[in-house]
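The sequence shown begins at 1 in this note's numbering and counts up one residue at a time.
Possibly wrong hints are sitting among the right ones.
As the list claims (entries may be wrong) - Within a straight-line C-alpha distance of at most 27 angstroms, the following computed DSS-like cross-link-like pairs (lysine-lysine) qualify: (1) 77 to 37; (2) 68 to 29; (3) 68 to 111; (4) 37 to 68; (5) 111 to 77.
Everything labelled a hint here was simulated from the structure, so no lab data went into it.
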Amino acid sequence: MPCGVPVQRRFAGVEHREALYSMLIAADKYDIPFLRKSCEHRILAALRPSNALEVLQVAEVCSDVELKEQAMSLIAKHADDVVFSAGYDELARNNAHLCVEITRALLTEMKHNREATTSPDETST
Numbered sequence: 001m002p003c004g005v006p007v008q009r010r011f012a013g014v015e016h017r018e019a020l021y022s023m024l025i026a027a028d029k030y031d032i033p034f035l036r037k038s039c040e041h042r043i044l045a046a047l048r049p050s051n052a053l054e055v056l057q058v059a060e061v062c063s064d065v066e067l068k069e070q071a072m073s074l075i076a077k078h079a080d081d082v083v084f085s086a087g088y089d090e091l092a093r094n095n096a097h098l099c100v101e102i103t104r105a106l107l108t109e110m111k112h113n114r115e116a117t118t119s120p121d122e123t124s125t
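Please build the complete structure, drawing on both the sequences and the hints.
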């Protein structure tokens with residue numbers, strides 16, 4: 001059997017997000033680009049406010065810029081739901097630096113929203 005085919009078939013049906021996170025971390029560690037990309041696509045397709053903090057942490061472990069940006073964007077859009085969750089409290093205990101990044105992303109988002117709603121006449125006064 002060709003090397004990549006059985007692996008792709010075996011992992012094609014994996015839907016459990018914990019398994020996807022583990023596979024992404026392993027694909028990153030062992031430098032398996034096709035598996036990494038496959039896991040990334042599946043994780044992005046399943047990205048929701050309810051799992052955005054988990055995805056952010058996995059993205060941090062794997063240095064996955066795309067996952068991190070998408071998770072951060074979703075967290076900023078759904079800050080009320082995400083920041084006041086038990087998951088955020090756990091994140092603050094275990095990964096305080098990510099909470100700092102989330103805070104900065106939220107402030108940047110607020111600034112952009114404020115600038116978008118401020119008319120030119122209001123800024124000249």
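We went through each hint and held it up to the structure:
1. 77 to 37: Holds. Residue 77 to residue 37 sits at ~25 angstroms (cutoff 27 angstroms).
2. 68 to 29: Roughly 17 angstroms separates the two Cα atoms, so the pair holds.
3. 68 to 111: 21 angstroms, holds
4. 37 to 68: 14 angstroms, holds
5. 111 to 77: 13 angstroms, holds
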